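Novice: Sequence:
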Amino acid sequence: MDWETLYWPHRHWRGYGQPFAQGYLVKNGASRGQPRAWCTACEARVVLSYGTAYDGLEADPVVCETAVRALAAGNALRALARIVQVDKETVCPGLQRVACHCRAVRLDCWHDLPGSACQLDELWRFVPTKEAHLPGAKLSCDTYGDAWVWIAFAPVWRLVLACVIGKREQAGAEVLLARGAPGTDDAMPLCPSDQLPAYRPAWLHPYGEGSHPPRQGRRGA
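For what it's worth, the working numbering labels the leading residue of the sequence shown as 1, then goes sequentially.
Don't read these hints as lab results, they were simulated from the structure. Computed from a prediction, not measured in an experiment: that's the story for all the values here.
Pairwise CB distance ranges (calculated):
#: 1; residue 1: ARG11; residue 2: ASP112; range: 20 to 26 Å
#: 2; residue 1: GLY17; residue 2: CYS92; range: 33 to 39 Å
#: 3; residue 1: PRO206; residue 2: GLN96; range: 25 to 31 Å
#: 4; residue 1: THR5; residue 2: HIS111; range: 18 to 24 Å
#: 5; residue 1: GLY220; residue 2: ALA171; range: 37 to 43 Å
#: 6; residue 1: GLU131; residue 2: ALA73; range: 25 to 31 Å
#: 7; residue 1: GLU131; residue 2: PRO9; range: 44 to 50 Å
#: 8; residue 1: ALA21; residue 2: TYR207; range: 40 to 46 Å
Each residue gets a CB set at the ideal place from its N, CA and C atoms; glycine is no exception.
All chains, full assembly: derive it from the sequences and hints.
Specialist: Next up, the structure:
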């Protein structure tokens, strides 16, 4: 991890937002194995991993990074655990930590993008088994059986603006458009889809409202 990636975190201090080389931070040993910096102005200390997915991580950061790269390459959790030579239950908390950090970064940085197109699609999966194989007691559960991954994809940047996991219902389309709209600017992008009827009313919530043009001329018989 590079020292130039360390920024002072406190908003009330005048050095907030300044990188390590331009601020008042100097190297100051380590804390629980993590390199630490000391502020010469306010005399406070901050670890190098502050604000990252590695902050407070007890496992080896190299192992965690290897696991994330293997997962991004399409490996399953069990195969991933064999690659990094740890138990599957040990990998899952680390991946959850990285996923939450990636979501926080996306919500903070990816907004008002001048996108001209946003592709909408759904991918069928099942949790933990197919709908037809579920026992009767679990057919009414939203988290079991057939699951659809709703995706809003910006092809210009190869960027997933929003993702929703749920049933193939109207609520899924509305949540997808509501999450994807903050990532685009005021102009409504071209949104090609598979013509699922749920998309048409879902567009009205983030991008406008439906209206009927006024009548022209006199009413007929």
